[in-house]
Amino acid sequence: MRNSQPESPVSSISTQLPGAHAPAQLTQLFESLRPDLLRFAHWLARDRALAEDIVQESLLRAWRSRDALKEPGAARAWLLTIVRREHARLYERKRLELVPLEDVLETQASPRLAEPDGDLFTLHHAIMRLPLEYREPLVLQVVGGFSTEEIARELALTPTAVLTRLFRARNKLRVICGMAAAPDSDGEGAA
Amino acid sequence: MRCEEARLQIGAEPGRADPALEQHLQSCAACRQFREEMRTLDANIRRVLEGPPEPEPAAVGAGAAVRLRPRIRPPAWRQWALAASVTLATFAVLALWLLRPGETLARDVVAHVRDEPESWLAAQHVDAASIDAALRGAGVELKVTSDKITYAQSCWFRGHYVPHLVVQTARGPVTVLILRHEAVSRRHEFHEGGMTGVIVPDGTGSLALLARGAGNIDDIARQMQQDVRWLPQGT
Numbered sequence: 001m002r003n004s005q006p007e008s009p010v011s012s013i014s015t016q017l018p019g020a021h022a023p024a025q026l027t028q029l030f031e032s033l034r035p036d037l038l039r040f041a042h043w044l045a046r047d048r049a050l051a052e053d054i055v056q057e058s059l060l061r062a063w064r065s066r067d068a069l070k071e072p073g074a075a076r077a078w079l080l081t082i083v084r085r086e087h088a089r090l091y092e093r094k095r096l097e098l099v100p101l102e103d104v105l106e107t108q109a110s111p112r113l114a115e116p117d118g119d120l121f122t123l124h125h126a127i128m129r130l131p132l133e134y135r136e137p138l139v140l141q142v143v144g145g146f147s148t149e150e151i152a153r154e155l156a157l158t159p160t161a162v163l164t165r166l167f168r169a170r171n172k173l174r175v176i177c178g179m180a181a182a183p184d185s186d187g188e189g190a191a
Numbered sequence: 001m002r003c004e005e006a007r008l009q010i011g012a013e014p015g016r017a018d019p020a021l022e023q024h025l026q027s028c029a030a031c032r033q034f035r036e037e038m039r040t041l042d043a044n045i046r047r048v049l050e051g052p053p054e055p056e057p058a059a060v061g062a063g064a065a066v067r068l069r070p071r072i073r074p075p076a077w078r079q080w081a082l083a084a085s086v087t088l089a090t091f092a093v094l095a096l097w098l099l100r101p102g103e104t105l106a107r108d109v110v111a112h113v114r115d116e117p118e119s120w121l122a123a124q125h126v127d128a129a130s131i132d133a134a135l136r137g138a139g140v141e142l143k144v145t146s147d148k149i150t151y152a153q154s155c156w157f158r159g160h161y162v163p164h165l166v167v168q169t170a171r172g173p174v175t176v177l178i179l180r181h182e183a184v185s186r187r188h189e190f191h192e193g194g195m196t197g198v199i200v201p202d203g204t205g206s207l208a209l210l211a212r213g214a215g216n217i218d219d220i221a222r223q224m225q226q227d228v229r230w231l232p233q234g235t
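As you go down the protein sequences, you meet chains A and B in turn. In terms of the working numbering, the first sequence is residues 1 to 191. In terms of the working numbering, the second sequence is residues 1 to 235.
Think of the hints as simulated: they come from the structure by calculation, not from any bench. These figures come from a predicted structure and were not determined experimentally. Treat the hints with care, since some could be wrong.
Restraint-style ranges between C-beta atoms, simulated for each label pair [to be verified]: (1) Q33/B / R64/A: 19 to 29 Å; (2) P23/A / A84/B: 58 to 68 Å; (3) P23/A / P19/B: 24 to 34 Å; (4) A111/B / R85/A: 28 to 38 Å; (5) A74/A / T145/B: 31 to 41 Å; (6) P232/B / E71/A: 30 to 40 Å; (7) Q33/B / T160/A: 17 to 27 Å; (8) D67/A / A20/B: 24 to 34 Å; (9) D219/B / K70/A: 18 to 28 Å; (10) D18/B / P72/A: 51 to 61 Å; (11) P23/A / P201/B: 44 to 54 Å; (12) P23/A / D18/B: 17 to 27 Å; (13) A74/A / S185/B: 30 to 40 Å; (14) D127/B / T158/A: 35 to 45 Å.
Reference excerpt, derived from the structure (chain A facing chain B, CB under 10 Å, subset only) [to be verified]: (15) S32; (16) G145; (17) L155; (18) R165; (19) F167; (20) R168.
Even glycine gets a Cβ: it sits at the ideal position worked out from N, Cα and C.
Sequences are here, hints too, so could you generate the full structure?
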């Protein structure tokens with residue numbers, strides 16, 4: 001894990017792949033999308049240094065399979081997908097994730113009213129604490145702009161399951177923001 | 001459609017406007033209110049997710065350990081005071097939001113693009129003649145090379161025919177509506193249904209740009225402002 005500001009991932013790709021010459025357009029394209037990728041990875045991993053590592057590794061993978069990118073216009077969705085899979089790989093390698101007990105209790109507690117100038121702050125923390133199964137489709141939808149069908153394909157779920165997860169994600173956030181939970185057909189509590 | 005289905009759909013995709021859902025909402029005030037609340041919440045979720053996820057909650061990332069720390073709870077009266085403040089602030093913001101003409105225009109732009117979902121699926125570039133046809137009557141010329149444009153139509157929008165283009169960019173397809181008759185005083189950014197948009201003043205009217213996902217499309221807007229040339233009225 002890196003704590004210092006990383007060098008440009010694309011320039012480091014070039015140095016890590018001797019002999020490979022990065023076409024200027026592709027380099028520029030990757031660099032222009034890097035902030036989006038980093039934000040996306042950060043919301044998945046909840047750790048900036050980890051997100052930077054994920055993005056770096058994803059750009060390396062993307063560079064190696066750059067021939068698969070036929071249309072520059074598809075680059076953003078393609079790279080976001082690679083970032084998500086890279087994060088999933090990391091998750092598989094590192095299954096144990098411990099969180100502060102009070103954070104868990106707080107997330108599952110009764111509705112908490114947002115502070116006047118802190119509702120976004122509350123929401124921010126609430127999203128951070130959403131279980132990955134709910135946070136991931138939400139981030140894919142909102143940050144990635146993926147449709148329900150695209151999220152279903154990416155997560156190997158049915159579209160109905162994706163809709164349910166998106167509904168539950170927002171329902172949980174709704175409760176944390178002090179609103180009443182909507183009834184859940186499967187009986188799962190919102191909080 | 002039952003309320004349960006309606007709320008599942010609203011909760012999953014608050015920005016979506018499905019005909020069956022709209023029909024249900026016409027006769028169900030509770031679901032209408034639920035959608036309004038969800039859309040307000042979703043706008044805030046979008047604002048949060050589009051920013052960097054800083055500051056992080058203390059060590060919730062991988063490898064964090066379970067620990068306990070003392071907490072100081074605020075007195076109960078403070079929560080009620082805060083609730084009243086939040087309610088008043090919400091109404092004030094909602095009222096301002098509803099009254100802003102930029103928001104109404106933004107909604108119409110989003111609704112128009114939703115009505116033409118095929119526009120973002122086009123992969124082949126449009127020939128110059130089709131682009132000319134889309135621009136004809138709108139009083140504009142474009143410097144954009146036709147190989148970047150994958151969709152070009154002249155669409156009926158707010159009482160006028162306006163050019164509706166989809167331009168391929170590094171961040172994917174971006175819709176551009178050239179709005180000669182919609183003057184705006186300043187840049188207006190908006191987010192809805194997984195899309196990001198911006199309306200910028202240009203010429204005597206404005207340009208509306210819309211892209212999928214989050215992110216900043218100001219650079220594309222600036223480029224379009226350079227590429228669009230407004231012709232004198234009547235030419």
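If you check the beta carbons of D127/B and T158/A, does the distance land in 35 to 45 Å?
-> holds, 40 Å
Supplied contact hint for R168/A, tested at 10 Å Cβ to chain B = Since the shortest Cβ distance to chain B is 8 Å, the answer is holds.
Mind checking the CB of S32/A against every CB in chain B and telling me if the closest is under 10 Å?
-> holds, 5 Å
Between P23/A and D18/B, is the Cβ distance one that fits in 17 to 27 Å?
-> violated, 43 Å
Hint validity - F167/A Cβ closer than 10 Å to any chain B Cβ = holds, 4 Å
Does 51 to 61 Å hold as the CB distance between D18/B and P72/A, or does it fail?
-> violated, 32 Å
Does 24 to 34 Å hold as the CB distance between D67/A and A20/B, or does it fail?
-> This hint is violated: roughly 43 Å between Cβ atoms.
Does the Cβ distance between P23/A and A84/B fall inside 58 to 68 Å?
-> For A84/B against P23/A, whose Cβ atoms are near 59 Å apart, the range 58 to 68 Å holds.
Take a look at whether the Cβ-Cβ distance between A74/A and S185/B falls inside 30 to 40 Å.
-> holds, 36 Å
Does L155/A meet its interface restraint, that is, does its C-beta lie within less than 10 Å of any C-beta in chain B?
-> Cβ of L155/A sits 14 Å from chain B, so the hint is violated.
Hint check: is the beta carbon of R165/A less than 10 Å from a beta carbon of chain B?
-> Holds: closest Cβ of chain B sits about 8 Å from R165/A, inside 10 Å.
Evaluate the given range 44 to 54 Å for the C-beta pair formed by P23/A and P201/B.
-> Violated - the Cβ-Cβ distance for P23/A and P201/B, about 37 Å, lies outside 44 to 54 Å.
Taken one by one, the earlier hints fail for this structure at numbers 1, 3, 5, 8, 10, 11, 12 and 17, listed in ascending order.
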